[in-house]
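Using the sequences provided together with the hints, build the complete structure.
These protein sequences, in sequence, are chains L and B.
For the first sequence, position 328 (counting from the first letter as 1) is numbered 464 according to our numbering, and the numbering increases by one without interruption.
For the second sequence, position 238 (counting from the first letter as 1) is numbered 374 according to our numbering, and the numbering increases by one without interruption.
Hint data in this document are derived by calculation from the structure and do not stem from the laboratory.
Keep in mind that a hint or two might mislead.
Put simply, identical chains are the same to the list, so a pair is met inside one copy or across any two.
Quick list of in silico lysine to any residue cross-link-like pairs, SDA-like style, CA-CA up to 20 Å [unchecked claim]:
| no. | residue 1 | residue 2 |
| --- | --- | --- |
| 1 | K239 | P210 |
| 2 | K441 | V407 |
| 3 | K239 | H207 |
| 4 | K451 | H304 |
| 5 | K339 | P448 |
| 6 | K351 | S444 |
| 7 | K451 | D346 |
| 8 | K409 | A159 |
| 9 | K320 | R363 |
| 10 | K320 | D362 |
| 11 | K320 | E364 |
| 12 | K430 | A163 |
| 13 | K339 | A443 |
| 14 | K303 | R363 |
| 15 | K329 | P305 |
| 16 | K468 | D342 |
| 17 | K409 | P332 |
| 18 | K441 | R363 |
| 19 | K231 | E160 |
Residue strings, one per chain:
Protein chains: 2
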Amino acid sequence: MLTTEPALRAFTQNVFLAMGCSAEHAALAADVLLLADLRGIDSHGVARLTGYVRLWEKQRINATPNIQIVHETPTTATIDGDSGLGLVVAPFAMKVAIEKAEKYGSGWIAIRNSNHFGIAGYHALMAVEKDMIGFAMTNASPLVAPTFSNERLLGTNPMCYAFPAGKHPAVVVDMATSAAANGKLEIAQRLGKQVPEGWIQDKNGDFTTDPHALKSGGSLLPLGSDREHGSHKGFGLSATVDILSAVLSGANYGPWVPPFVAFLEPPTDPVGKGIGHFLGAMRVDGFRPVDEFKHHLDNWIDRFKNASTINPNQKVIIPGEPELEAHADRIKNGIPIVDAVADDLNAVAKKLGVNSL
Amino acid sequence: MLTTEPALRAFTQNVFLAMGCSAEHAALAADVLLLADLRGIDSHGVARLTGYVRLWEKQRINATPNIQIVHETPTTATIDGDSGLGLVVAPFAMKVAIEKAEKYGSGWIAIRNSNHFGIAGYHALMAVEKDMIGFAMTNASPLVAPTFSNERLLGTNPMCYAFPAGKHPAVVVDMATSAAANGKLEIAQRLGKQVPEGWIQDKNGDFTTDPHALKSGGSLLPLGSDREHGSHKGFGLSATVDILSAVLSGANYGPWVPPFVAFLEPPTDPVGKGIGHFLGAMRVDGFRPVDEFKHHLDNWIDRFKNASTINPNQKVIIPGEPELEAHADRIKNGIPIVDAVADDLNAVAKKLGVNSL
Numbered sequence: 137m138l139t140t141e142p143a144l145r146a147f148t149q150n151v152f153l154a155m156g157c158s159a160e161h162a163a164l165a166a167d168v169l170l171l172a173d174l175r176g177i178d179s180h181g182v183a184r185l186t187g188y189v190r191l192w193e194k195q196r197i198n199a200t201p202n203i204q205i206v207h208e209t210p211t212t213a214t215i216d217g218d219s220g221l222g223l224v225v226a227p228f229a230m231k232v233a234i235e236k237a238e239k240y241g242s243g244w245i246a247i248r249n250s251n252h253f254g255i256a257g258y259h260a261l262m263a264v265e266k267d268m269i270g271f272a273m274t275n276a277s278p279l280v281a282p283t284f285s286n287e288r289l290l291g292t293n294p295m296c297y298a299f300p301a302g303k304h305p306a307v308v309v310d311m312a313t314s315a316a317a318n319g320k321l322e323i324a325q326r327l328g329k330q331v332p333e334g335w336i337q338d339k340n341g342d343f344t345t346d347p348h349a350l351k352s353g354g355s356l357l358p359l360g361s362d363r364e365h366g367s368h369k370g371f372g373l374s375a376t377v378d379i380l381s382a383v384l385s386g387a388n389y390g391p392w393v394p395p396f397v398a399f400l401e402p403p404t405d406p407v408g409k410g411i412g413h414f415l416g417a418m419r420v421d422g423f424r425p426v427d428e429f430k431h432h433l434d435n436w437i438d439r440f441k442n443a444s445t446i447n448p449n450q451k452v453i454i455p456g457e458p459e460l461e462a463h464a465d466r467i468k469n470g471i472p473i474v475d476a477v478a479d480d481l482n483a484v485a486k487k488l489g490v491n492s493l
Numbered sequence: 137m138l139t140t141e142p143a144l145r146a147f148t149q150n151v152f153l154a155m156g157c158s159a160e161h162a163a164l165a166a167d168v169l170l171l172a173d174l175r176g177i178d179s180h181g182v183a184r185l186t187g188y189v190r191l192w193e194k195q196r197i198n199a200t201p202n203i204q205i206v207h208e209t210p211t212t213a214t215i216d217g218d219s220g221l222g223l224v225v226a227p228f229a230m231k232v233a234i235e236k237a238e239k240y241g242s243g244w245i246a247i248r249n250s251n252h253f254g255i256a257g258y259h260a261l262m263a264v265e266k267d268m269i270g271f272a273m274t275n276a277s278p279l280v281a282p283t284f285s286n287e288r289l290l291g292t293n294p295m296c297y298a299f300p301a302g303k304h305p306a307v308v309v310d311m312a313t314s315a316a317a318n319g320k321l322e323i324a325q326r327l328g329k330q331v332p333e334g335w336i337q338d339k340n341g342d343f344t345t346d347p348h349a350l351k352s353g354g355s356l357l358p359l360g361s362d363r364e365h366g367s368h369k370g371f372g373l374s375a376t377v378d379i380l381s382a383v384l385s386g387a388n389y390g391p392w393v394p395p396f397v398a399f400l401e402p403p404t405d406p407v408g409k410g411i412g413h414f415l416g417a418m419r420v421d422g423f424r425p426v427d428e429f430k431h432h433l434d435n436w437i438d439r440f441k442n443a444s445t446i447n448p449n450q451k452v453i454i455p456g457e458p459e460l461e462a463h464a465d466r467i468k469n470g471i472p473i474v475d476a477v478a479d480d481l482n483a484v485a486k487k488l489g490v491n492s493l
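So, in structure tokens, the structure goes:
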């Protein structure tokens with residue numbers, strides 16, 4: 137089906153309200169999910185909404201969390217999300233980071249006891265609006281094997297870096313540290329298509345092109361795919377995300393990260409609380425005047441956009457550009473929702489007494 | 137030839153003294169290079185020493201720099217390296233980052249007007265010694281093409297993240313954001329061996345296994361190798377390093393970064409000063425007590441070291457482990473220097489009136 141931004145937003149907000157979220161939290165959580173759908177990152181938008189509801193039904197998500205700072209210095213803090221929606225906990229934490237940056241130049245927040253926070257870009261872009269550089273990362277359910285292992289010990293653990301530009305839109309690097317994001321695998325599964333070699337391995341650690349291999353003991357591969365092509369670097373980046381998000385905050389890390397899907401139980405021997413995030417904000421004018429920075433970032437963007445290309449029809453893509461194009465298109469032409477997702481959403485809505493989409 | 141740590145250190149220090157460096161700077165610069173040789177990262181150790189000398193001869197490196205903070209907030213600063221050795225400028229900046237972290241929880245320094253800073257790990261480990269998390273990155277001479285381009289616009293732009301552990305050594309993720317570091321290519325060139333597909337492309341943008349392709353208009357590829365395997369992520373990481381190191385500090389970025397080799401002239405239309413770095417330090421106890429963090433990082437390391445493996449003879453490698461093994465081996469058994477490198481070093485030493493190695 138095809139829906140519109142206002143309709144999808146109202147529907148999403150109503151589902152969160154029916155879960156018992158405050159009006160403020162429901163609007164915020166919907167805003168985070170909607171931005172993913174608008175930016176074309178369908179795997180992190182309303183397609184996940186029923187997943188949040190099922191975790192809430194199992195009392196693994198708290199709809200009325202008491203989000204608190206539990207440890208603090210002028211520029212650092214650890215926040216306990218009280219099992220709240222990451223969609224609400226992360227923006228709370230980012231506000232604290234921004235306040236610290238306003239006072240001291242930078243602010244860095246480790247978050248524990250949270251849940252899936254949607255697209256990392258949403259949180260990093262909160263800093264960009266204040267002429268700051270935004271950082272956002274999170275750990276996630278274990279699906280990725282370290283180099284040389286056939287065991288799923290890491291999530292797709294995304295990192296996001298966002299920079300405010302002048303005449304150009306912000307540069308937003310928002311990427312899973314695995315060779316392919318799980319969302320791409322899900323699309324291949326749905327369409328019954330094979331995936332490229334280098335995305336996943338089977339339970340024996342051999343490359344496979346079967347997108348269903350994860351269900352039979354396979355795993356996603358780190359960025360780089362194999363040792364020869366730098367998978368130890370993808371593993372190192374994913375480890376960095378896990379350590380900053382969870383070892384630093386007191387959340388669960390590695391194989392102890394609770395699964396996003398409600399039908400899998402969390403490990404019975406947790407090493408921390410919930411999942412973890414790490415967010416940061418740095419004032420651009422803590423380093424040089426904002427207009428100077430923006431002028432040079434515009435120049436950087438112009439130079440890369442005009443790089444010599446291999447194929448004349450395929451220009452160099454500035455990080456964040458495709459998402460903005462999707463955003464403009466979907467505001468204008470509507471947001472497509474896969475039928476299976478729409479059916480799932482409407483079934484959950486019915487159960488909660490919410491008008492269907 | 138095989139040399140020892142004290143002999144190589146004395147030799148290196150003498151070369152820097154002969155360039156006119158102060159005793160303190162010569163000892164520090166030698167310390168940075170030696171750590172690379174000890175850790176087995178030969179491409180970043182004394183093999184580069186004659187390169188620094190040649191840049192100094194061309195007056196592109198200033199042996200007696202006046203390194204200064206030019207912009208500052210409580211937790212951020214921009215430092216101008218006055219064309220000094222990066223080997224000296226970066227540790228100066230890291231000290232400032234650590235002082236800020238001691239006072240405010242974190243410290244972040246953008247550096248311009250610098251030169252090659254050796255291994256990123258040296259600088260990040262300065263923070264680890266203080267129970268802080270260390271960050272270090274630098275841009276570098278353009279050798280890497282963005283996804284879809286055949287133009288060399290980025291350096292191998294390394295990122296380093298270092299974390300203090302308890303019973304285990306520090307976790308040190310220190311990696312070029314290209315599929316393969318330039319040093320690996322140089323080894324293949326020297327041995328006349330082909331390189332794996334996915335490391336480099338020829339001037340038309342086709343994969344090639346010829347390690348000499350860079351000399352005829354080819355380029356290194358970002359981590360991920362091609363779009364299908366996530367090279368846009370390697371490009372995004374490299375862009376992040378370039379923007380933080382240079383657009384933020386006022387150094388040269390992208391294709392304007394001056395080449396490391398003295399026989400190539402820097403661009404005549406610079407967009408900033410020298411090359412740029414970005415360094416940071418965050419106090420672990422800004423987030424949770426140090427002993428708690430170390431206990432959990434040890435647990436993280438144990439879990440990953442004991443992961444199920446694909447090949448029983450190849451265990452999972454914790455980032456930083458191979459470098460420590462090399463360090464122990466080279467302290468005990470000596471440091472091997474390739475003959476061509478030794479000859480080059482001794483020729484330069486003779487010219488400077490320094491005793492040969």
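A quick look at each hint next to the structure:
no.	hint	verdict
1	K239 / P210	both (9 Å within a copy, 9 Å between copies)
2	K441 / V407	between (46 Å within a copy, 17 Å between copies)
3	K239 / H207	both (18 Å within a copy, 16 Å between copies)
4	K451 / H304	within (16 Å within a copy, 46 Å between copies)
5	K339 / P448	between (41 Å within a copy, 14 Å between copies)
6	K351 / S444	between (42 Å within a copy, 18 Å between copies)
7	K451 / D346	neither (31 Å within a copy, 26 Å between copies)
8	K409 / A159	neither (26 Å within a copy, 51 Å between copies)
9	K320 / R363	between (22 Å within a copy, 13 Å between copies)
10	K320 / D362	both (19 Å within a copy, 16 Å between copies)
11	K320 / E364	between (24 Å within a copy, 11 Å between copies)
12	K430 / A163	neither (32 Å within a copy, 39 Å between copies)
13	K339 / A443	between (42 Å within a copy, 13 Å between copies)
14	K303 / R363	neither (41 Å within a copy, 27 Å between copies)
15	K329 / P305	neither (35 Å within a copy, 44 Å between copies)
16	K468 / D342	neither (44 Å within a copy, 38 Å between copies)
17	K409 / P332	neither (36 Å within a copy, 43 Å between copies)
18	K441 / R363	between (31 Å within a copy, 17 Å between copies)
19	K231 / E160	within (15 Å within a copy, 44 Å between copies)
In the structure shown, a violation is registered for the earlier hints numbered 7, 8, 12, 14, 15, 16, 17, in ascending order.
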